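Undergrad: Listed below are the residues making up each chain.
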Amino acid sequence: MRPRVLIIGATSAIAHAVARRYAGRQAALFLIGRRLPALEANAADLVVRGAEAVGCALLDANDHDRHEAVLAEAWAAYGGFDVALVAHGVLPDQAAAERSVTATLESFDTNAASVIALLTLLANRFEAQGSGVIAVISSPAGDRGRASNYVYGAAKAAVTVFAAGLRHRLHAKGVRVITIVPGFVDTPMTAGIAKTGPLWAAPEQVARDIVRALERGFGVVYTPGFWRWIMSAIRHVPERLFVRTKL
Amino acid sequence: MQPVSSWGRLTRAPHDVIALSDRSRAPAVVAASRRPALPFGNGRSYGDVCLNEAGVLWTTRDLDRFIAFDPATGRLECEAGVTLDEVIALALPHGWFPPVTPGTRHVTLGGAIANDVHGKNHHGAGTFGEHVEALTVLRTDGSTIVCGPEREGAWFRATVGGLGLTGLIATVTLRLRPVDGGWIDATTTPFDSLDAFYALSESSSTAHEYTVAWLDCGPGTAGETQGLFFAGNHATSIDPLPPARERALPLTPPLSLVTPLSVRAFNRLYRRAHERAPTTARQDYRRFFYPLDGVRDWNRIYGPRGFFQYQCVVPEAVQQDATRELLAIVAAAGTGSFLAVLKTFGERPPAGMLSFPMAGTTLALDFPNRGAATLALFERLDAAVDAAGGRLYAAKDARMPAALFQRGYPQWQAFEAYRDPGISSQMARRLFGL
Chain A
0 MRPRVLIIGA TSAIAHAVAR RYAGRQAALF LIGRRLPALE ANAADLVVRG AEAVGCALLD
60 ANDHDRHEAV LAEAWAAYGG FDVALVAHGV LPDQAAAERS VTATLESFDT NAASVIALLT
120 LLANRFEAQG SGVIAVISSP AGDRGRASNY VYGAAKAAVT VFAAGLRHRL HAKGVRVITI
180 VPGFVDTPMT AGIAKTGPLW AAPEQVARDI VRALERGFGV VYTPGFWRWI MSAIRHVPER
240 LFVRTKL
Chain B
0 MQPVSSWGRL TRAPHDVIAL SDRSRAPAVV AASRRPALPF GNGRSYGDVC LNEAGVLWTT
60 RDLDRFIAFD PATGRLECEA GVTLDEVIAL ALPHGWFPPV TPGTRHVTLG GAIANDVHGK
120 NHHGAGTFGE HVEALTVLRT DGSTIVCGPE REGAWFRATV GGLGLTGLIA TVTLRLRPVD
180 GGWIDATTTP FDSLDAFYAL SESSSTAHEY TVAWLDCGPG TAGETQGLFF AGNHATSIDP
240 LPPARERALP LTPPLSLVTP LSVRAFNRLY RRAHERAPTT ARQDYRRFFY PLDGVRDWNR
300 IYGPRGFFQY QCVVPEAVQQ DATRELLAIV AAAGTGSFLA VLKTFGERPP AGMLSFPMAG
360 TTLALDFPNR GAATLALFER LDAAVDAAGG RLYAAKDARM PAALFQRGYP QWQAFEAYRD
420 PGISSQMARR LFGL
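If you read the protein sequences in the order shown, they are chains A and B. Using numbering that gives the first Met the number 0, the letters of the first sequence map in sequence onto residues 0 to 246. Using numbering that gives the first Met the number 0, the letters of the second sequence map in sequence onto residues 0 to 433.
If you're looking for bench data, these hints aren't it; they were derived computationally from the structure. Everything numeric in this text was worked out from a predicted model, so none of it was measured. All C-beta atoms, glycine included, are put in the ideal place defined by N, C-alpha and C. Any given hint might turn out to be false.
Unchecked claim - A short, non-exhaustive set of chain B residues, derived as facing chain A with CB atoms under 8 Å: (1) R22; (2) S23; (3) P26; (4) V28; (5) D61; (6) R64; (7) I66; (8) F68; (9) P277; (10) Q425.
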């Protein structure tokens, strides 16, 4: 059975690494993203790697009015999907956001509002199908507000809770909803950060965990797995102590 | 700014790292970057050809997309940050293999072309650049040059072996070579003199696509040269390969583990593991071509001060005497070399203006960095290479003097016309003066 896979934010490094794993299984993929040359370059790569078919559609996720039309185009192409992965997002400059309400809300729109809007439409389509798995990429930043990245973290917290609610709602309808929580991943999105130390993972490693979760995972999936324990510890530090730390 | 080391780990200087990942945007990034900048692939060159202290490094590992592959003809077009490992993973199941491969499969194609790398089949297949059909090169003036052997040929010959200095190689079209499977029929023959090595090279070069020799170059080997001669051909077997096994060196030891004592012990054991008579075995291609890739981060074995590789070539007419002299200089230094590799190159017109191979013998030696003593040894080796009319391999070099480079690479001045004025490297500043 060749899976039909829909990816929103398909030019992100993690999303493309996931797409490559599906291409190796001769999947039919539909890529949605903001920049056509980058989408087409990824599509060609996936075809060489064995994908049975690759479709592309342009979408700026903040253009909510176009969401339904683009999803309809994807469904028209393959008749339905076994897997949907919502992977788009931006890493806002925390310091800039602190000085600008506009910057804060713009990144919130991209990382939370547009994701929630797309998940709403996907949930209804998957519910009607009565099968499949929806995954959304959240972040450990959403597990607890921290001075260094709470603007990004607040949006991801909204995504995590929204996805948990969808999981609850769709459980009885034969649709799984997976929340992916990647730790530090060496991608262009994190290019501004010096990547040293054992906490950093490659997109390929994270993609392997994501595909495994899409196949048989449940609930909230941390990748690499040790992040579950790191974040559990961070969540349990009392506020009085936490506010004195530098995180 | 991030600290960046090359494979020899001799320095850890800060660089302004810019990761290229979207090839449609790369021309604009290359044009807009602070100068001087330098392309950086997977960091497998040993010295300073890939370093640009305090300047910009454009890293290309995220330019790793395939563009087109024809399993009927073995023609592959892809972004230049793709590694040979990734090419093999794609192509081998379809019966194709890199036409030329160096001793590690973790090099990017861009790096393989910029250093015009060679392999154990140089006598039959030449350098990597001979199998490239087309390149796109991004220049800091915002232009893009599409070149190949028959199109903008001068730009092509400058860029192949051009040390990354003519522009950023963004995409590559490559011709692969057909194979039945991933197995190599390999013969290992012990030899106990340099004359015996040359006799084996001569007799093996027609019947074997791949030949190379390992020398016992440990301390206390001042007598006759002893070593093992490896020859191989692609096997017809299509049996599946065993899963890849990779060990890792998890941390850098505080001191180099490569000492005269450990080199001697290793070399004796390695040689003893092979019988006096030739042995033939069918080997996994990873074991035959890439024994060192089996240990991730093996370069850490030399400790925090890092190591040098010294690789030279001496011309065919004087190869026996010159090689004998080079080995005598190493033996006299008393330190030995953990890894000593000897190979004869065939007579081929070079693919690039600054391509390293020439008809003759190449010798590659690894030395832990012991500061002035190591550099003094290199000066003695340089003098022998220079007198023989030979040259050093830039991909391995961290210290050759400009005069030796300029005598060894007579086209260096012609090459300068093709350099990108926005690109430089530590090596370029050392060898060209800017």
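Undergrad: The structure should be examined with respect to each hint, and the outcome stated for every one.
TA: Results of checking the hints against the structure:
1. The interface hint given for R22/B holds, since its Cβ lies 6 Å from the closest Cβ of chain A, which is under the 8 Å cut-off.
2. Because the beta carbon of S23/B sits about 3 Å from the nearest beta carbon in chain A, less than 8 Å, this interface hint is met.
3. For P26/B, the interface hint is violated, since its Cβ never comes within 8 Å of a Cβ in chain A; the closest pair sits about 11 Å apart.
4. The beta carbon of V28/B is not positioned within 8 Å of any beta carbon in chain A (closest approach about 11 Å), and the interface hint is therefore violated.
5. Given hint, D61/B at the interface with chain A, holds; its Cβ is 6 Å from that chain's nearest Cβ, closer than 8 Å.
6. About 4 Å separates the beta-carbon of R64/B from the nearest beta-carbon of chain A, less than 8 Å, and the hint is met.
7. Hint status for I66/B: holds, given a least beta-carbon distance of 5 Å to chain A, under 8 Å.
8. Among the interface hints, the one on F68/B holds; its C-beta lies about 5 Å from the nearest C-beta in chain A, closer than the 8 Å criterion.
9. Residue-level restraint check for P277/B is violated (minimum Cβ-Cβ distance to chain A is 41 Å; threshold 8 Å).
10. About 21 Å separates the beta-carbon of Q425/B from the nearest beta-carbon of chain A, more than 8 Å, and the hint is not met.
Hints 3, 4, 9, 10, counting from the list given before, are not met by this structure.
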